[in-house]
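Engineer: Protein chains in written order, with our numbering: chain A, 98 to 161; chain B, 103 to 253.
Read the hints as simulated data drawn from the structure, not as lab findings.
One or more hints might be untrue.
Lysine-lysine pairs mimicking DSS-like chemistry, simulated, CA-CA at most 25 angstroms apart [said to hold, decoys possible]:
no. : chain 1 : residue 1 : chain 2 : residue 2
1   : B       : K133      : A       : K147
2   : B       : K194      : B       : K133
3   : A       : K147      : B       : K186
4   : B       : K219      : B       : K186
5   : B       : K194      : B       : K219
As the structure is a computational prediction, the values presented were derived from the model and not from experiment.
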Amino acid sequence: MPHFDTLATGTELPNRSYLASNVSLFLYNAAIWNPHRIHYDETYTTGVEKHPGIVIDGHCKVTG
Amino acid sequence: MNGLLTEEIRAWIGRRDVPQRVEVTRRDIIKYAIATEQRLPRYVNGDEAPPLFLFGADRPLTALAELGPDGLRADTLLPPLPLKRVMAGGVKQRYQRAIVPGDVLDITRTVSDIFEKQGASGPLIFVVYDIEVRDAGGELVMQETQTRIIR
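Please model the complete structure; the sequences and the hints are all you need to start from.
Structural biologist: See below:
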């Protein structure tokens with residue numbers, strides 16, 4: 098992992114991967130006070146809003 | 103153009119919400135840092151808020167009875183539209199400085215644009231919001247442009 102002070106344009110950064118879980122998703126939406134059911138209620142999410150499953154907030158994928 | 107946007111709808115451009123006041127605490131920052139799996143000590147210890155911390159921070163705190171069947175409160179800044187399915191569009195945030203515990207922030211959201219486009223599967227309406235965050239001294243802390251897409 099390169100140190101921030103040694104970074105320069107063109108420095109290749111290592112990949113970092115995340116895997117959202119039901120727990121991290123719940124905590125994230127609790128932290129931002131987001132009660133939208135598509136983030137925790139699977140029956141509602143697939144049945145009413147017709148998503149294939151629980152929806153992961155875009156921010157859980159990009160906040161880093 | 104499909105002409106979905108009436109004069110009444112376009113008249114919503116320029117409308118703004120009552121400003122929301124947010125008092126930032128170390129505990130709130132730590133919760134956010136844990137949920138978003140931060141690693142930098144200044145975030146994990148709550149000395150400074152991670153990027154995007156202020157996303158949605160202006161969400162009004164309302165009683166459960168005011169939440170709809172989807173769990174959300176009706177948005178006071180979304181005009182009645184001929185299309186109904188609201189999706190998150192882009193978010194662009196420009197920070198002037200870091201957010202730290204003790205900050206008292208006033209967040210003002212304004213409808214800055216409403217326009218329509220023809221998408222591959224039909225017409226789309228875009229509602230754009232300008233969100234401005236100022237500190238207790240009135241200094242601009244963050245400016246956000248947020249887009250919603252309705253289809």
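Engineer: Next step is simple, just say for each hint if it's right about the structure.
Structural biologist: Status of the hints after comparison with the structure:
| no. | hint | result |
| --- | --- | --- |
| 1 | K133(B) to K147(A) | violated (30 angstroms) |
| 2 | K194(B) to K133(B) | holds (23 angstroms) |
| 3 | K147(A) to K186(B) | holds (14 angstroms) |
| 4 | K219(B) to K186(B) | holds (15 angstroms) |
| 5 | K194(B) to K219(B) | holds (20 angstroms) |
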